[in-house]
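Line order of the protein sequences matches chains Y and B. Reminder that position 50 of the first sequence reads as 50 in the working numbering, one-by-one numbering, no gaps. Reminder that position 419 of the second sequence reads as 419 in the working numbering, one-by-one numbering, no gaps.
Don't take each hint at face value.
[Unchecked claim] Chain B stretches covered by chain Y per the calculated footprint, using a threshold of three residues with CB under 8 angstroms from any CB of chain Y:
hint : region
1    : 17-27
2    : 391-398
[Unchecked claim] No more than 20 angstroms apart at the CA atoms, straight line, and that leaves these computed lysine to any residue pairs for SDA-like:
hint : chain 1 : residue 1 : chain 2 : residue 2
3    : B       : Lys779    : B       : Leu768
4    : B       : Lys297    : Y       : Asn99
5    : B       : Lys23     : Y       : Ala98
6    : B       : Lys132    : B       : Glu158
7    : B       : Lys392    : Y       : Tyr13
8    : Y       : Lys63     : B       : Ala396
9    : B       : Lys298    : Y       : Asn99
10   : B       : Lys473    : B       : Thr537
11   : Y       : Lys183    : Y       : Pro116
12   : B       : Lys392    : Y       : Asp76
13   : B       : Lys392    : Y       : Gln14
14   : B       : Lys521    : B       : Leu570
15   : B       : Lys298    : Y       : Asn133
16   : Y       : Lys114    : B       : Gln315
17   : B       : Lys521    : B       : Lys779
18   : B       : Lys779    : B       : His21
19   : B       : Lys23     : Y       : Asn99
20   : B       : Lys297    : Y       : Ala98
21   : B       : Lys298    : Y       : Ala137
22   : B       : Lys779    : Y       : Ala137
23   : B       : Lys521    : B       : Arg604
24   : B       : Lys88     : B       : Gln253
25   : B       : Lys779    : Y       : Asn99
Just so you know, the hints here were simulated from the structure itself, not pulled from any lab data. What you are looking at is a predicted structure, and each value in this text was computed from that prediction instead of being measured. We put the CB at the ideal spot given by N, CA and C, even for glycine.
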Amino acid sequence: MAILRAEHLSKDYQMGEVVVKALQDTSFEIREGEFVVILGPSGSGKSTLLNIIGGMDLPTSGKVFLRDEEITAYGDRELTEYRRNKVGFVFQFYNIMANLTAEENVELATEISKDPLPVGEILEAVGLSDRRNHFPAQMSGGEQQRVSIARAVAKNPEILLCDEPTGALDFNTGIAILGLLHKVNRDMGKTVIVITHNSDIAFMADRVIRMRSGRIIEDHINEKPIAVEDIKW
Amino acid sequence: MVKNRFALSKIDTMLARMIGHSKGQFAAVLTIIILGIAIYTAMNMTSVNMYKTVDDYYEENGFPDLFLQTAAVPSQEAERLKEIDGVKQATGRVSMDVPMITDDENERVNLRLITTTGGEDELSRSTVLEGKMISQSGNEALLIEEFAKARGIGIGDEIRIQAGGVQRTLEITGIAANPEYIYLMENTQSMLPDAENFGVCYVSEKFGQQAAGLSGSFNEILIRYEEDADEEALIDDVEDALDIYGVKQTVKQEDQLSNSIINQELTQLKNMANSLPVLFVLVAGLILMMMLSRLVKKDRIKIGILKAIGYSNRQVLFHYVKYALVCGILGGAAGAVLGMALAGGMTRLYLEYFHIPLLRVEFYYSYLIYAILLSAVFCTVSGLIGARGALKISIAEAMHAESPKLGKRILLEKLPFFWKRLSFSSKMISKNIFRNKKRTIFVLAGISLTYAMMLFTATMPDVMNQLMNEHFKEFQRMDYNIGFRTPVLRDTVRDMEHLIEVDYIEGKLEYPFELTNGNKKQSVSIIGLDRDTKFYTFYNADGVQTEIPKRGMLITENLAKALNVGKGDLVRIKSYIPNRDDVYLQVKDVIKQTLGMNAYMDIRTMGETLLEKNVINGVYADSKDPDINEKLIRAANVASVMSVADTRAVYEEYMDMTNLSIGAMVIFSGILGFCIVYNATIVSLGEREMEFSSLRVLGFSKLEIFFMIVRENNIIMILGILLGIPVGNIMARYSSEAFSTDIYTIDMSPTFSALIMAGVYTVVFVFLAQLATYRKIKKLDFLQALKNRES
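Work the whole structure out from these sequences, hints included.
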C-alpha cells in the first residue's frame with residue numbers, strides 16, 4: 001500500500017524577473033516500509049520535493065497524499081501537526097541545538113509529539129548512550145548526525161526524510177550513518193526517504209527515483225539492494 | 001515516559017541557557033527595568049502615603065477650608081458666621097508677627113504669634129509633641145518644632161518678644177506641630193523655609209489680644225465648609241458679613257502657603273512617578289526589541305529546525321517573547337520589592353522636609369502587582385514586536401544559507417570630494433554606521449536622551465542661581481525690606497534715616513488685595529513704589545524696560561495669566577477698607593518677575609485710590625549699619641525685616657540638599673546611556689562576528705577592531721550629544737512650565753556650563769559602556785566563528 005503519493009507536483013520560484021521551475025509535473029508513489037533514495041544533481045529539484053512532502057513548503061500545483069490524507073490541502077496548523085507527528089527530518093548539517101545536550105536535543109522533539117519512543121532506548125539504538133550529556137560542540141560530526149537521527153526517530157514518525165545525511169561526513173562515518181538509517185527502516189519498520197546526489201547510495205535502496213531539471217526521469221524498484229557495508233564511493 | 005513536573009521543557013531549557021549566554025545584555029536590560037519599576041513603586045507609594053498622611057493630618061487637626069485676614073472683628077461675630085449657608089465651623093484668632101529678642105543683638109528673628117484656645121472644636125489645632133498644652137491664663141506658649149529645634153529651645157525655656165511696644169516673656173510649655181506650617185515659610189517672598197529665623201508660637205487668646213491691642217477681637221477668621229458647600233457663594237457671603245470690619249485677604253485652602261507648596265511637591269512627585277519610569281521601561285523595551293530582532297535573525301536556522309520538528313509558529317514566537325517576559329517579570333518583581341523598600345525611606349525623607357507628626361507608611365501590595373504587570377506587559381509587547389520576524393521565517397528557506405545582503409552605496413559615497421579623502425578604516429566606519437540605520441538611530445536617540453537628561457539635571461543648579469540673581473540682583477536690589485505694623489505718614493522715611501544708618505532709602509506701600517477680572521480672582525500684594533525707584537527694574541514680556549505708570553499698574557506675567565488679562569485691560573480691585581467702593585485699574589504693562597506674583601503702582605496713586613493719601617507701610621533700604629537689627633527690634637512699629645543676604649544664605653544651604661538628588665539623576669541617566677550603548681554594541685558584535693573574524697585573519701588585532709567599534713560609537717555619540725541639545729532644551733522648556741507656579745516663574749534655558757557638564761557626564765558613561773564591551777571582544781573566538789555554521 002502506498003504510504004505517500006505525489007500527483008502532478010509543480011513548484012515555481014520567482015527569482016527577480018525570472019521564473020524558476022523547480023518541479024514540473026512530478027508524480028510518484030512510495031510504499032510503506034520502503035527505503036527510498038531520491039537521486040539527482042544539485043538543482044534537480046530533489047530538495048524542493050523533500051520540502052513539499054515534508055510539509056515545509058507548498059507546491060504551485062499538484063497534490064501530495066499521506067495514505068489518503070491530502071497534505072497539500074492542509075492549513076498552517078495541520079501542517080505543524082503533520083511535521084510534529086508524521087514525519088522526521090535528518091539534515092545534511094545535523095542542525096541540532098547547540099545549547100542542548102544530546103539527550104535534550106532528542107527530548108526537544110519528543111516533548112511535543114503524541115506517541116514518542118523512549119529517549120533512552122533511541123539513544124542506545126543510535127549508539128550514543130554514553131554521550132547523552134554531551135553538547136554538540138563536544139561531539140564529532142558523525143555523533144551529531146546520530147543525535148539528529150535519534151531526534152527524528154524518537155518522535156515515532158511514519159516517514160523519515162533525510163536530506164543529504166552523509167553530505168558533511170567522511171566515508172566511514174557516512175557508511176555508519178547509512179547503516180543506522182537502514183536499521184531504523186528494517187528494525188523499526190519506518191519508511192525512509194534519503195535525498196542525495198551520491199549515486200552509490202542508491203544501491204542499498206528498495207526504490208530509486210532519479211531526478212533532473214525538476215522532473216523524474218526514472219523511478220524503479222531495486223530488486224537486489226546491496227548491504228550497506230558493500231557500498232563504496 | 002515519566003516526566004518531572006518541575007523540570008523545564010527543553011525549549012525553556014534552551015531559553016534559560018540563551019539568557020545565561022547573554023547575561024551581560026540581560027543584566028543591562030534588567031537593570032533599566034529594575035530602576036524604572038523601583039522608581040515607579042517607590043514614588044507612587046511615597047506619593048500615596050504622603051497624600052494620605054497629609055489628608056489624615058488635616059482631618060485630625062481641623063485644617064480650615066478658608067482663611068480670612070481681617071481688621072479687628074469682634075469675637076462674637078466669628079460665631080455668627082456659622083449661620084451662613086455652607087459654613088460648618090468658624091473660629092477666630094489673633095495672629096501677629098513680632099521680633100524675638102535673642103542674645104545676638106544683630107540677629108533678626110521673626111516670630112508669628114497665633115492665639116489658640118487648645119479646644120477640641122478649634123480649627124487648625126496644633127499637635128503637642130512634647131510637654132503640655134498652654135493654659136488660657138498667663139504667658140505660656142507652644143513653640144513650633146522646627147523653630148525650637150533650630151534654635152535649641154526646650155520646654156521650660158523662656159523667650160522674649162517685642163510686642164505692642166514692650167518686651168514680653170513667654171514660657172515654653174510644649175513643642176508643637178501645626179497643619180498650617182507643615183512647610184514652615186514666613187511668606188511667599190521668603191522662597192525657602194528658614195527655621196532659625198522664622199518660627200510660630202501659640203499663645204492664649206488673652207495674651208495675643210493684649211499684645212496686638214485687639215481686646216475682645218480677632219484679626220483672622222478660619223472656616224470649614226459643609227461637604228456640599230458652594231465655595232464661591234460662601235466666600236461672597238462671608239466677605240459681605242465681615243465687610244464692615246474690613247477683610248484684608250481671603251485665602252482658600254488650596255492657596256494656603258504651606259498647603260500649596262505641599263500640593264505642588266506632591267503633584268510633581270506624582271508626575272515624576274508616572275513619567276520617569278515610563279522613560280526607563282520604554283528604553284528597556286526598545287533594547288529588548290533590538291536584541292530580539294537580532295536574535296531571531298541570528299537564529300534563522302534554529303527557528304527553521306524548530307518548525308520542522310513540529311513546533312508551531314506561536315510556540316516559536318513565544319520562545320523568544322519569553323526572553324522579554326522573563327526580563328519583565330524578574331525586573332518588575334525585583335524593582336517592585338526594591339521600590340517598596342525605598343518607599344519607606346523616601347516617605348521618611350519627605351517627612352524630614354515636611355513636618356507632619358503622624359506618619360502613614362503603608363505598603364500597598366497592589367503596586368507590586370501593578371509594577372510586575374506593567375513591566376511584564378510592556379516587555380511582552382516589545383518582545384512581540386522584536387521577535388515577530390520569527391513568524392516570517394519559512395522552514396525551506398531557513399535551511400539554506402542566507403543570500404548576502406545587497407550592497408548599497410551610502411550617502412557619503414555620493415559626495416566624492418569628501419569620500420575620497422577618507423582613510424580605509426574611516427570608510428569602513430562610515431559604512432557601518434549607515435549599515436544598520438535602525439540601530440544607529442536607536443543608539444543616537446539613546447545618547448541624545450541621556451544627554452538631554454544630563455543637561456536638564458545640570459541646568460537645575462544654574463536655574464536656581466539665576467532665579468536668585470534675577471530676583472535679588474536685577475529685579476530688586478535693596479539690602480533690607482522693612483515692613484511696618486501699621487501705616488504711617490511718608491515723612492517717617494526721614495525718621496528711619498535717623499534710626500539706622502542708611503545709604504539709600506525709599507518708602508513702600510504693600511497691601512494684599514483681591515484682583516478680579518470676570519470670574520477670575522487672585523489675591524496678591526500690590527506694591528506701591530516711587531516712580532523713580534532705584535530698587536526695582538521692570539522689564540515687560542518683550543524684554544523692554546518699563547516704568548511705573550502715573551495711573552494704572554504693572555502686573556506680573558503669572559498674574560496676567562491667572563486673571564486672563566493683558567495690557568490695557570481693566571482689573572477690579574476689591575478694597576478691604578470698610579465702606580469703600582471697589583476700584584478699577586488699568587493694566588499698563590505686563591512685567592517679568594521670577595519670584596512671586598504681584599502688581600506695582602505709583603506709591604502716591606496707590607495711597608489715594610486704594611488706601612489713604614501720603615502713607616507708607618514699609619521701607620526699602622541699602623544699609624551697612626552693623627547694628628541694624630538691634631535698632632529695628634526696638635522700634636515698636638517694625639513688623640518685619642527681610643535681609644537679602646539671609647535669604648541667599650538659606651538658599652545656599654538648600655542647594656546642598658538639591659545636589660544630592662541631582663547626583664541621583666546623573667547616575668540614573670548614566671545607567672540608561674550605559675545600557676543602551678552596551679547592548680547595541682554587543683548586538684552589533686554578534687552580527688559582525690564573521691566580518692571581524694575575517695579582519696583578524698587579515699591581521700587586525702583585537703584592539704584595532706575594538707577601536708573601530710569605539711570610533712563608530714564615538715561618531716554616533718557626538719551626533720547624539722548635538723541632537724541632545726535641542727531635546728534637552730525642549731525638556732527644559734516643558735519643565736519651565738511644569739515647575740513654574742504662583743510662587744516661582746522658572747526659565748530653564750541651559751547655560752554653557754550645563755552644556756559642558758552634561759557632555760562630560762555622557763562621555764564618561766559611554767566610555768564605561770565601551771570598556772565593558774571590550775571584555776566581550778577579547779573573549780570572541782574569531783577563528784571558530786569562521787568555521788561555524790550556526791545552529
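Status of each hint after checking the structure:
no. : hint                : verdict
1   : 17-27               : holds (count 3)
2   : 391-398             : holds (count 3)
3   : B:Lys779 x B:Leu768 : 18 angstroms, holds
4   : B:Lys297 x Y:Asn99  : 17 angstroms, holds
5   : B:Lys23 x Y:Ala98   : 17 angstroms, holds
6   : B:Lys132 x B:Glu158 : 15 angstroms, holds
7   : B:Lys392 x Y:Tyr13  : 17 angstroms, holds
8   : Y:Lys63 x B:Ala396  : 18 angstroms, holds
9   : B:Lys298 x Y:Asn99  : 14 angstroms, holds
10  : B:Lys473 x B:Thr537 : 10 angstroms, holds
11  : Y:Lys183 x Y:Pro116 : 18 angstroms, holds
12  : B:Lys392 x Y:Asp76  : 13 angstroms, holds
13  : B:Lys392 x Y:Gln14  : 18 angstroms, holds
14  : B:Lys521 x B:Leu570 : 13 angstroms, holds
15  : B:Lys298 x Y:Asn133 : 25 angstroms, violated
16  : Y:Lys114 x B:Gln315 : 16 angstroms, holds
17  : B:Lys521 x B:Lys779 : 70 angstroms, violated
18  : B:Lys779 x B:His21  : 13 angstroms, holds
19  : B:Lys23 x Y:Asn99   : 15 angstroms, holds
20  : B:Lys297 x Y:Ala98  : 16 angstroms, holds
21  : B:Lys298 x Y:Ala137 : 18 angstroms, holds
22  : B:Lys779 x Y:Ala137 : 17 angstroms, holds
23  : B:Lys521 x B:Arg604 : 25 angstroms, violated
24  : B:Lys88 x B:Gln253  : 15 angstroms, holds
25  : B:Lys779 x Y:Asn99  : 18 angstroms, holds
Checked against the numbered hints above, the structure breaks hints 15, 17, 23 and satisfies the rest.
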